[in-house]
Amino acid sequence: MKASKWREHSREDLLARLAETERELFNLRVRRSAGQLEQPLRLRTLRREIARIRTVLNERKPA
Numbered sequence: 005m006k007a008s009k010w011r012e013h014s015r016e017d018l019l020a021r022l023a024e025t026e027r028e029l030f031n032l033r034v035r036r037s038a039g040q041l042e043q044p045l046r047l048r049t050l051r052r053e054i055a056r057i058r059t060v061l062n063e064r065k066p067a
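Residues in the sequence shown are numbered consecutively from 5, following my numbering.
For the record, the hints were derived by calculation from the structure and aren't laboratory data. There could be a bad hint or two in this list.
Simulated crosslink set (SDA-like; lysine to any residue; CA at most 20 Å straight-line) [said to hold, decoys possible]:
1) Lys6 <-> Ser37
2) Lys6 <-> Glu42
3) Lys65 <-> Thr49
4) Lys6 <-> Arg58
5) Lys6 <-> Thr25
6) Lys65 <-> Leu29
7) Lys9 <-> Glu26
8) Lys65 <-> Glu12
9) Lys6 <-> Leu50
10) Lys9 <-> Ser37
11) Lys6 <-> Leu19
Label pairs and their in silico Cβ distance ranges [to be verified]:
12) Gln40 <-> Arg64: 17 to 25 Å
13) Ala38 <-> Pro66: 28 to 36 Å
14) Thr49 <-> Ala20: 13 to 21 Å
15) Lys65 <-> Pro44: 32 to 40 Å
16) Ser8 <-> Leu45: 21 to 29 Å
17) Ala23 <-> Gln43: 17 to 25 Å
18) Phe30 <-> Ala7: 16 to 24 Å
19) Leu61 <-> Asn31: 16 to 24 Å
20) Pro66 <-> Glu42: 38 to 46 Å
21) Arg36 <-> Pro66: 32 to 40 Å
22) His13 <-> Arg51: 15 to 23 Å
23) Gly39 <-> Lys65: 38 to 46 Å
24) Asp17 <-> Gly39: 30 to 38 Å
Built from N, CA and C at the ideal position, the CB exists for glycine as well.
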């Protein structure tokens, strides 16, 4: 999802999605180390999604 779509969500939604995505990334890293990863590109997409969510959250911080 593009950052413009993430900007439409509330802070609570973003924080919940961030936690869920980080959990999924952790699980995929464990599966990769065990050699059971089916979709290696999913790691990249999750890292980018986390970065986009964090960017939107940082944009909303007061200066």
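Hint check results:
| no. | hint | in the structure |
| --- | --- | --- |
| 1 | Lys6 <-> Ser37 | violated, 29 Å |
| 2 | Lys6 <-> Glu42 | violated, 25 Å |
| 3 | Lys65 <-> Thr49 | violated, 25 Å |
| 4 | Lys6 <-> Arg58 | holds, 13 Å |
| 5 | Lys6 <-> Thr25 | holds, 15 Å |
| 6 | Lys65 <-> Leu29 | violated, 25 Å |
| 7 | Lys9 <-> Glu26 | holds, 19 Å |
| 8 | Lys65 <-> Glu12 | holds, 16 Å |
| 9 | Lys6 <-> Leu50 | holds, 13 Å |
| 10 | Lys9 <-> Ser37 | violated, 33 Å |
| 11 | Lys6 <-> Leu19 | holds, 16 Å |
| 12 | Gln40 <-> Arg64: 17 to 25 Å | violated, 38 Å |
| 13 | Ala38 <-> Pro66: 28 to 36 Å | violated, 43 Å |
| 14 | Thr49 <-> Ala20: 13 to 21 Å | holds, 19 Å |
| 15 | Lys65 <-> Pro44: 32 to 40 Å | holds, 33 Å |
| 16 | Ser8 <-> Leu45: 21 to 29 Å | holds, 23 Å |
| 17 | Ala23 <-> Gln43: 17 to 25 Å | holds, 21 Å |
| 18 | Phe30 <-> Ala7: 16 to 24 Å | holds, 23 Å |
| 19 | Leu61 <-> Asn31: 16 to 24 Å | holds, 22 Å |
| 20 | Pro66 <-> Glu42: 38 to 46 Å | holds, 43 Å |
| 21 | Arg36 <-> Pro66: 32 to 40 Å | holds, 38 Å |
| 22 | His13 <-> Arg51: 15 to 23 Å | holds, 19 Å |
| 23 | Gly39 <-> Lys65: 38 to 46 Å | holds, 40 Å |
| 24 | Asp17 <-> Gly39: 30 to 38 Å | holds, 35 Å |
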